[in-house]
Structure formats: C-alpha cells, structure tokens
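Enquirer: Listed below are the residues making up each chain.
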Amino acid sequence: MWLADLPPFIGFYAAALLLPLLPAKTRWLVLFVPLISGVSLFLNSDSLQAVQVSFMEFELQLMRVDRLSLMFGYLFHIAAFLALLYCLHVKDLLQQVSGLVYAGSALGACFAGDLITLFLFWEMLALTSVWLIWARRTPEASSAGLRYLIYQVLSGVLLLAGTALHYQQTQSLAFDYIGLDGLASWLLFLAFGIKCAFPFLHTWLTDAYPEATPTGTVFLSAFTTKMAVFALARCFPGTELLVYIGAAMTCFPIFYAVIENDLRRVLAYSLINQLGFMVCGIGIGTALALNGAVAHAFNDVIFKGLLFMTMGAVLHRVGHVNGSDLGGLYKTMPKTTWFCIVGAASISAFPLFSGFVSKSMVMAAMIEAGHEYLWLMLLFASAGVFHHAGIKIPFFAFFAHDSGLRPKEAPANMLAAMFIASVLCIVIGSYPDVMYSLLPWEHDYKPYDITHTLTQLQLLFFSALAFVWLNKQGLYPPELRSVNLDVDWFYRKALPAVSSGISHRLSVLKTQARDLTSNWYAKLPDNKSSSSYSITQLTKRMSAVLVLLLFVGFLARVL
Amino acid sequence: MSKITSENNDEKVYFFDKPENVRLILRIFYSLCVLLLVLDFFVHRHIYVYFESVPTFYALYGFIACVVLVLIAKVMRKVLMRDEDYFSAATQTKTPENEESEH
Chain B
-2 MWLADLPPFI
8 GFYAAALLLP
18 LLPAKTRWLV
28 LFVPLISGVS
38 LFLNSDSLQA
48 VQVSFMEFEL
58 QLMRVDRLSL
68 MFGYLFHIAA
78 FLALLYCLHV
88 KDLLQQVSGL
98 VYAGSALGAC
108 FAGDLITLFL
118 FWEMLALTSV
128 WLIWARRTPE
138 ASSAGLRYLI
148 YQVLSGVLLL
158 AGTALHYQQT
168 QSLAFDYIGL
178 DGLASWLLFL
188 AFGIKCAFPF
198 LHTWLTDAYP
208 EATPTGTVFL
218 SAFTTKMAVF
228 ALARCFPGTE
238 LLVYIGAAMT
248 CFPIFYAVIE
258 NDLRRVLAYS
268 LINQLGFMVC
278 GIGIGTALAL
288 NGAVAHAFND
298 VIFKGLLFMT
308 MGAVLHRVGH
318 VNGSDLGGLY
328 KTMPKTTWFC
338 IVGAASISAF
348 PLFSGFVSKS
358 MVMAAMIEAG
368 HEYLWLMLLF
378 ASAGVFHHAG
388 IKIPFFAFFA
398 HDSGLRPKEA
408 PANMLAAMFI
418 ASVLCIVIGS
428 YPDVMYSLLP
438 WEHDYKPYDI
448 THTLTQLQLL
458 FFSALAFVWL
468 NKQGLYPPEL
478 RSVNLDVDWF
488 YRKALPAVSS
498 GISHRLSVLK
508 TQARDLTSNW
518 YAKLPDNKSS
528 SSYSITQLTK
538 RMSAVLVLLL
548 FVGFLARVL
Chain V
7 MSKITSENND
17 EKVYFFDKPE
27 NVRLILRIFY
37 SLCVLLLVLD
47 FFVHRHIYVY
57 FESVPTFYAL
67 YGFIACVVLV
77 LIAKVMRKVL
87 MRDEDYFSAA
97 TQTKTPENEE
107 SEH
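These protein sequences, in sequence, are chains B and V.
Heads up: the first sequence at position 9 corresponds to 6 in this note's numbering, and the numbers run straight through without jumps.
To convert a position in the second sequence, counted from 1, into this note's numbering, add 6.
Since the hints were derived computationally from the structure, they do not count as laboratory data.
Hints are not guaranteed to be accurate.
Computed footprint of chain B on chain V; a stretch qualifies when at least three of its residues, placed anywhere within it, have a C-beta under 8 Å from a C-beta of chain B [to be verified]:
1) 25 to 34
2) 38 to 49
3) 88 to 94
If you want the ones that stay clear, here's a sample from chain B, every Cβ over 12 Å from chain V, calculated [unchecked claim]:
4) 141
5) 427
6) 462
7) 468
8) 483
These numbers were taken from a predicted model, which means no experiment stands behind them.
Using N, Cα and C, we set each Cβ at its ideal position, and we do this for glycine too.
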C-alpha cells in the first residue's frame, strides 16, 4: 500500500486543507484520519521505508523509523484521535483545522531524521498551536497566546542557531545523540528545554494552557511538551544535569498547584511535575530509565489529556473552572466525575491504573543509579501529585461544598473521548505488557510485586489521610480567587514597569530639553517678516553685513 | 449560562447530601489506612534504600510530606498571592497612558 509509505504528517495536513470544504454534518469523517493513519503505521511498522528529499545541498530525512519514533508516532495518533473526538461538537473550524495541523506537525517532528526537518516541524508546532489559544477570543487569551508564541519562536531560533553551529562543527545534521559539550549542544539543549518547561522557562505553559479553549488545551497538553521529551531522549540521554533539572521540575510545581484556584492551571503545574519524572529518566539514561521516561510520556498524554478533558467539560458547561466557585457537580455530571476519578487515580499512580506502571520504572531506575536523595524528592513529588491532582481536582470540582450549580452532563462526543481515555488508562495499568512490548529498549521490569504495591498504597492512603486531617483541622488553604506570582512576573510586571519608568524619564527629559531650546530661541531678536519690518531696518542690517564682510576680507589679506 | 439552574431540583437528595454516607466512606477509608499500617509489619518488604528500613516508612513519609507541602504552600501564599485581576489591571491602567502619549 503506497499510502502507508508516506510520512504520516501528509495525511493530517491534507485533511486540514480539505476539512473546511466538507459540509458541517460530515465533519466527523475527520476521525478517520488519525484512525487510518495510526492503524496503517502499526500494521506496517516493520516494512516502513525511510523517506528522503533533497533540499538545496542537504538530504532531508522526512521519515526515519525506529522503535522510539514509532512509540511516539502511535502516541500522537492516539492523542490526535481523542482530541479530535473531544472537539467534534465545536462549530469553530479554526480549532479543528489548527488541531489537525498541530498533530500532523508533531508526527512530522517525531519522525524527523535530521535537525533541519526537526526545525521546520518545531516551528510548525508553535505556529499552529497558538491558534488553539487565540480561538478562545478573550483579551487574556490573546495576550497569553502572544507570550506563548514568543517563547515558542525563541525556542525555534535557538534550535536553528544550534543546528547551524553544530553543522559547521561536525558537518552532520543527524538528529541523534549529541551530548552536552560546546555552544552548539547548549543551544539545542536550551531550545528543547524551553519546550520541555524547564524551571524558570516554564511560565509559557502555566500561562497559556489555562487560557486556551476547553478543547484546545486537550490538544496542547499532548504534543509540544512530549515532543521536547522525545528530542531530549534522542539527543541528550544520560546527561547528568537532566536528573537534577527533572527532580526540581517534579517538586516546585506542586506547591503552586496546591494554592492555585484555576483548576486547569493546577493541571498545567502538574503537567510540569509529570514532565519532571520523564526528564529524570532521560538524565539517568539506562535502558530501564529511558523506557520509563517514554512509557510515562505515553501514559501522561492519556491521563493528563483525560483530566484536561474533564475540566474542559466543566468549563464548557459552567463557563469557568475556579475551584472557589465550583463544587457538588457530581450531582448532575456523574459520568464526567467518574472519568475524572479515573484520570486522578492514573496520575497518582494507583495500582491498576496507568501511572503506576510507568512512574515506578523511573523511581526504580533512580535507586539503581544511586541517587537516593533525589529519589526522596521524587517520592515527595509522588505524594504531592496525589494531593493536588488526585484529590484536589476531583474534590473541589465535583464534591466539596455544594455550589448550587446544576450544569448538564457533558456532550456525548466529549463523554466518548473521556470514556476511551479512561479505558486506556485502566487497560495499560492492568495489563502493562500491552505497552511494555512497544518500548524502545530491551528491559525486564515487573511493576506488580507485593513490596511495590503495598508501599505505593501506603504512600497514597496516608497522603489522602493528610488531606482529610488538614481539612478537618481547617488547616487546608481554602480556594481563593487569586493569582499567584511566578517567574512570569518578571516579564509581565517588572519589565513593563521598568521600561515604562525609563520611557517616562525620557519623556520628562525630552520636555525639559524642548523647554530649554524654546526659551533660548525666544531670547533671540524677533526677525520674522512682518509689516513692521521696515526698509530702514533692512538697510541698517545690509550695511552691517557689508562692513563685516569688508573687515573679514581685510583680515584675510593681512594674514 | 442559562443552562445552569440553581435551586431547581433541590428536592432530590444526592448521595453525599446525607452525612451518614460521608461518615461511612470516611470510616472505610480509616480502616483501610489501619489495615495498610498493620500489613507493613507482616509483609516482608524488599529494602532498596536504607531509609526504607524504618517501619511504615512510606505511610509516615506520605503523611508528613503532604502536611509539609500544604504548610509551606500556605506560607508561599502570603508572599505570592495577588488579586485576581493583578495582571489585567496593569494592562487596563496602561492603555489610557498609551493613548495620551500618542497625541
């Protein structure tokens, strides 16, 4: 089948072009794009050929097939299918079209065999995804989208600069192991780091994702950050620095997540926390750790997507997702509540749910590598993630005090997408070999043994007990309508304040200078032409000039 | 938001509206916690890291970690929390200035 040999992104791009031409009632056909493309990728995975095109003097590898790219290829197909199903009811074509191109770009990037192809799709990821934020059409969304775009394009520029320098130094464009040495590799590292939401570079994510449309965030949470994880796994496996960065990423967002009111922003912080586990795995760099990172990326797309879907459903029905004004929604949205609980159990790594079988791989690899104190940090983060994503999200949205809101249950297509994601979470969690068989590296890991199951249950139950106890004691911070300052304060508040201060000073200086010159100018004798400008004055001046000229001429002769 | 009707079907009593149901769930939860604690003394755990040799290490760590997390977060709130329209207020006050400077 010749279609199977084409790189998958072509199908997505073509569908995005054709979708606006379809009559509104047949738009559900778009679901077949990820379905057919994904199934054909899976069935032909052994016989896929590399695809190359010549571009100027370079050979670009559009399709490079190995187990790592295939794993992410499957993942992006599943994510695209779920997100498209979830946004099927949306009449705004902008979202579906940009979602399709966005998913296609992620597929293009993950099958890229060289850095130029990667760069092209890297930029396409930025340019197509920002429309999912702008489609919300609020002033907040439009400015958050702009900030998002600046960050993403900055990442692209760094990638291009790194690629050029790397090519100049090594004459190679291969998108393969690079390792951290020299400026070129640091530029690439930073480019990936921005998209991977490294600490201090993470605010684009927590700023923009909660401002996107209910359906847009589901797309956004799946592709950009996972693509960055993929790029790090390709170019920087075993880089020690990543272990520390990852450990920091698991810990600091959970503090923010506890006090954040916007529940989708809570999820955005917990997305960084989950990325931290993947980054740790890549940093350790053993087969078990890398498999753990990839497996966790796979699971995270599904359960984080599921959680964003449930919050998107609430946003769609209620109009906001502020924990302070929600509560008691289980009464009229019971199905969404159940799906949210499944997502919460998966992200908290409950046994039999998907997070359990992948997070534990990273944790085990951490011990094997001898990072005992970092392992304690990850354990702290595991307890914390249960606390804010596992309990806080479902509790404040669907239970807690009754807000009096009685919204309708989510639309059928949203429920269907959430149902499929929930089933995937439980199936992968209960039969992890389904996913393990696809993992890129050779490994032999058994997640279910008595020690691991018992210790994980103890950790989770006593984290929950802490929540219950703190709530009963009245120590738990109440949900308040507020924003919390993060690194983005520097460029949203401090920098504008400094620059407006400077421009104010400059304008004061300008007026002072203008006053000074106009004063000085006013002191000059008035020589404008007017009726009083008489012939006698003219004669006097002409003769004065004549005398002056004669004097100068005399001087010139003498000297 | 006309879809949302409050005080409409209040006559229906839901599961968690009854305090005895909440109490029942909490009792089951507490007894599971106790069960997990007791199991720790009977089941032989593999010890990979020396911290783990502390009896009921995971239970203690989970509980303490979450309490510490929440208490630190509460302190962070004092420093970091701002009004809901903290950022948008700034852009609003800035626009008239910008308009003035253009004249």
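Enquirer: Hint by hint, say whether it matches the structure.
Expert: Cross-check of the supplied hints:
{"no.": "1", "hint": "25 to 34", "result": "violated (count 1)"}
{"no.": "2", "hint": "38 to 49", "result": "holds (count 7)"}
{"no.": "3", "hint": "88 to 94", "result": "holds (count 6)"}
{"no.": "4", "hint": "141", "result": "violated (10 Å)"}
{"no.": "5", "hint": "427", "result": "holds (20 Å)"}
{"no.": "6", "hint": "462", "result": "violated (5 Å)"}
{"no.": "7", "hint": "468", "result": "violated (10 Å)"}
{"no.": "8", "hint": "483", "result": "violated (8 Å)"}
In terms of the numbered hints stated before, the structure departs from hints 1, 4, 6, 7, 8, listed from lowest to highest.
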